[in-house]
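Trainee: Construct all of the structure, not just a fragment, from the sequences and the given hints.
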Amino acid sequence: MKTLLKVKSLKAKVGEKEILKGLNLEIKEGEVHVIMGPNGAGKSTLANVIFNNPQFQKTAGSVFFDGKDITNAKVDEIAKSGIFMSFQTPEEISGVSVFNFIKTAKGKIENKNINYFDFKEEMQKNAKALKMKGDLVNRELNVGFSGGEKKKNEILQMLELSPKLAILDETDSGLDVDAIKTVSKGIEMFKTEKNAVLIITHSCKILQALKVDFVHILVDGKIVYTGNASLAKEIEENGYEKFEAGKKNA
Amino acid sequence: MPKTKVKEINQNIYDFKNQDNFDFKMKKGLSEEIVREISKKKVEPEWVLDIRLKALEVYHKLDLPIWGPDLSELNMDEISTYVKPKTDKKESWEDVPEEIKDTFDKLGIPKAEHEYLAGVGAQYDSEVVYHSIKNSLLKQGVIYTDFDSAIRDYPELVKEYFTKCVPLFDHKFIALHYAVFSGGSFVYVPKGVKLEMPLQSYFRLNSPESGQFEHTLIIVDEGASLHFIEGCSAPKYNKVNLHAGCVELFVKEGASLRYSTIENWSKNMLNLNTKKAIVEKDAKMEWVSGSFGSKISMLYPMSILKGENSKTEFTGISFAGKGQNLDNGFKVVHLAPNTSSVVSSRSLSKSGGVATYRSLVSILPEATNSRCSITCDGLMLDDISRSDTIPFSNVEVDDVEISHEAKVGKISEKAIFYLMSRGLSEEDAKAMIVRGFANPISKELPLEYAVEMNRLINLELEGSIG
Numbered sequence: 329m330k331t332l333l334k335v336k337s338l339k340a341k342v343g344e345k346e347i348l349k350g351l352n353l354e355i356k357e358g359e360v361h362v363i364m365g366p367n368g369a370g371k372s373t374l375a376n377v378i379f380n381n382p383q384f385q386k387t388a389g390s391v392f393f394d395g396k397d398i399t400n401a402k403v404d405e406i407a408k409s410g411i412f413m414s415f416q417t418p419e420e421i422s423g424v425s426v427f428n429f430i431k432t433a434k435g436k437i438e439n440k441n442i443n444y445f446d447f448k449e450e451m452q453k454n455a456k457a458l459k460m461k462g463d464l465v466n467r468e469l470n471v472g473f474s475g476g477e478k479k480k481n482e483i484l485q486m487l488e489l490s491p492k493l494a495i496l497d498e499t500d501s502g503l504d505v506d507a508i509k510t511v512s513k514g515i516e517m518f519k520t521e522k523n524a525v526l527i528i529t530h531s532c533k534i535l536q537a538l539k540v541d542f543v544h545i546l547v548d549g550k551i552v553y554t555g556n557a558s559l560a561k562e563i564e565e566n567g568y569e570k571f572e573a574g575k576k577n578a
Numbered sequence: 170m171p172k173t174k175v176k177e178i179n180q181n182i183y184d185f186k187n188q189d190n191f192d193f194k195m196k197k198g199l200s201e202e203i204v205r206e207i208s209k210k211k212v213e214p215e216w217v218l219d220i221r222l223k224a225l226e227v228y229h230k231l232d233l234p235i236w237g238p239d240l241s242e243l244n245m246d247e248i249s250t251y252v253k254p255k256t257d258k259k260e261s262w263e264d265v266p267e268e269i270k271d272t273f274d275k276l277g278i279p280k281a282e283h284e285y286l287a288g289v290g291a292q293y294d295s296e297v298v299y300h301s302i303k304n305s306l307l308k309q310g311v312i313y314t315d316f317d318s319a320i321r322d323y324p325e326l327v328k329e330y331f332t333k334c335v336p337l338f339d340h341k342f343i344a345l346h347y348a349v350f351s352g353g354s355f356v357y358v359p360k361g362v363k364l365e366m367p368l369q370s371y372f373r374l375n376s377p378e379s380g381q382f383e384h385t386l387i388i389v390d391e392g393a394s395l396h397f398i399e400g401c402s403a404p405k406y407n408k409v410n411l412h413a414g415c416v417e418l419f420v421k422e423g424a425s426l427r428y429s430t431i432e433n434w435s436k437n438m439l440n441l442n443t444k445k446a447i448v449e450k451d452a453k454m455e456w457v458s459g460s461f462g463s464k465i466s467m468l469y470p471m472s473i474l475k476g477e478n479s480k481t482e483f484t485g486i487s488f489a490g491k492g493q494n495l496d497n498g499f500k501v502v503h504l505a506p507n508t509s510s511v512v513s514s515r516s517l518s519k520s521g522g523v524a525t526y527r528s529l530v531s532i533l534p535e536a537t538n539s540r541c542s543i544t545c546d547g548l549m550l551d552d553i554s555r556s557d558t559i560p561f562s563n564v565e566v567d568d569v570e571i572s573h574e575a576k577v578g579k580i581s582e583k584a585i586f587y588l589m590s591r592g593l594s595e596e597d598a599k600a601m602i603v604r605g606f607a608n609p610i611s612k613e614l615p616l617e618y619a620v621e622m623n624r625l626i627n628l629e630l631e632g633s634i635g
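In the order they appear, the protein sequences are chains A and B. According to the working numbering, numbering within the first sequence proceeds without interruption in unit steps and concludes at 578. According to the working numbering, numbering within the second sequence proceeds without interruption in unit steps and concludes at 635.
Here are the computed lysine-lysine pairs in the PhoX-like style, where the Cα-Cα straight-line distance is at most 25 Å: (1) A:Lys402 <-> A:Lys386; (2) B:Lys223 <-> B:Lys341; (3) A:Lys371 <-> B:Lys583; (4) B:Lys259 <-> B:Lys194; (5) A:Lys408 <-> B:Lys583; (6) B:Lys255 <-> B:Lys408; (7) A:Lys345 <-> B:Lys583; (8) A:Lys349 <-> A:Lys386; (9) A:Lys334 <-> A:Lys356; (10) B:Lys583 <-> A:Lys492; (11) B:Lys259 <-> B:Lys211; (12) A:Lys492 <-> A:Lys431; (13) B:Lys197 <-> B:Lys408; (14) A:Lys402 <-> B:Lys579; (15) B:Lys583 <-> A:Lys386; (16) B:Lys583 <-> A:Lys402; (17) B:Lys583 <-> A:Lys431; (18) B:Lys341 <-> B:Lys197; (19) B:Lys211 <-> B:Lys197; (20) A:Lys336 <-> A:Lys522; (21) B:Lys211 <-> B:Lys258; (22) A:Lys434 <-> B:Lys583; (23) B:Lys210 <-> B:Lys223; (24) B:Lys583 <-> A:Lys478; (25) B:Lys408 <-> B:Lys186; (26) B:Lys464 <-> B:Lys275; (27) A:Lys539 <-> A:Lys330; (28) A:Lys550 <-> A:Lys339; (29) B:Lys328 <-> B:Lys450; (30) A:Lys339 <-> B:Lys583; (31) A:Lys336 <-> A:Lys349; (32) B:Lys453 <-> B:Lys360; (33) B:Lys579 <-> A:Lys478; (34) B:Lys583 <-> A:Lys341; (35) B:Lys612 <-> A:Lys431; (36) B:Lys612 <-> A:Lys448; (37) A:Lys522 <-> A:Lys453; (38) A:Lys386 <-> A:Lys396; (39) A:Lys356 <-> A:Lys519.
Honestly, the hints are just simulated from the structure, not real lab data.
Mentor: Below is the structure:
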């Protein structure tokens, strides 16, 4: 199977504070990876650093995607190469409808004009599957959305933009049981043999409905242990203590 | 992350120059001799000349405003106040000289007229070169003509209203306007007549080192309604051009008037324009204003809510780029009970541009149970630009509701990152945020103008030539 993402010895800081301290990660086509770890370990930083969020500075290491070096690529180029990240608290953009935003984004990523009617039909179908309110796609992007609506809107974007790799950053946090089921369903709808998902979470609920291949434990800016789906369950019962103390390597 | 630079526009589609071909160009400066000569050229009645001469006197007595942008670079000795184009007013585009017709073709005027306007006026430098109105409106008694013709053909009507809304001692530049005014449109909509399609007047200043001083007078009689659109542009020259027009609007009992402007003067223009409306009982006055061009703009449309239950709304946007100081806003006076005003203003600034929203709300003792709501938002696209809001209010009665909300901020880096993570370039991301910011205004415009406004925003942001 083809390697999609290859992160090598990645270090990054925000301001003067080093957060990622030499992180390695490889994701292949068809795989579902989960990153878990205590608060402040650098989980969300990883997604942002892969995407070159200007708030963070890469200081060492490299990121390759689909064989291409994207370590220093611009944010939009990374998106166009086929990576998607969901945001924990996506920005509110007034005066821009969800519909127009996603249609514009899809046009940029696929580098073609998007047929209005086909797109509308597909989007309505997906929005319905995610149990989004009928008028939501016509509302201003994230403006006045509830926490759950924002998260579903991120999943809707993932479905429409169909990336090769979707990084879902705490998509399940703050959601009730039903909403978590809906989001899991969205991920299932997205998942094929050709793409991959990286789920960043600190809870197992979202993992129950998904076939997880690898679970990584991120502590203090490094992946300290990698296991299979059963590891998530163990974490839920016993916490991270043994990984924080022992620093076992995968 | 490597940063993309958003380029400054150096040229746009409005910036095509015709040769300075004129029938007559007044020598530069301002004097009694010049004022008399303008009047003579126009073969005006004595009473108009009297107003001009009185205005000139007032002009000399008044000082420059002590607030707002610095106007010291304006030197009237360097401005020609009257430029007569090489044509008379025509009623068919076929008869308008090729070069001038070509100008208005490029600006899309004849096409717009054909598609969705009920009448069109086109002014080139100091005189109106084309005016027409649909026959069906003539039959209903609607008058839409150039201002010189109105003085000649409807003297009683003009005398009754001219200078009655905007008096000549209002400020220095309105006195200047009345001394040398030329061109503009006159509209009369009779009682109960409701125009379904808009009328549009377009003002083009082609001649360098000159001024445009058109006078627009609109009377919407009882129960009638009208949407009037005003467009303005000019090519860019190195020296200062001046625009000091005047708009007088009378909205009679139960009538409604919407006045929309898309102004894109060149960036050597000083735009010192005055617009005012008197709104009678149960009448409604709506202003929609997009201000993009000019080096300095001082523009504060005003509604005087004279009659009970009268209403006004102002929706405006200014976009100040490099070297621009746009000092725009709105004024409202509530003079009667149950009157209401709603103001929504947005300003954008980039590359060192200064956008100021300045407003005056006056609620006088008679205006019981009145309401005024103002929202103004400023968005700065970088660290070197400025966006200010300067609201004044004078409320002399207790029984009123007044609210004022002001927000000024820099374009959000987080928002740009979010949009870029979905495949938009930095320029596209900024443009999307800016268009969204301008959306409350563009959705008030007729579709063609909303498209036009978005295009202007893109021009300002992207530096591409259309």
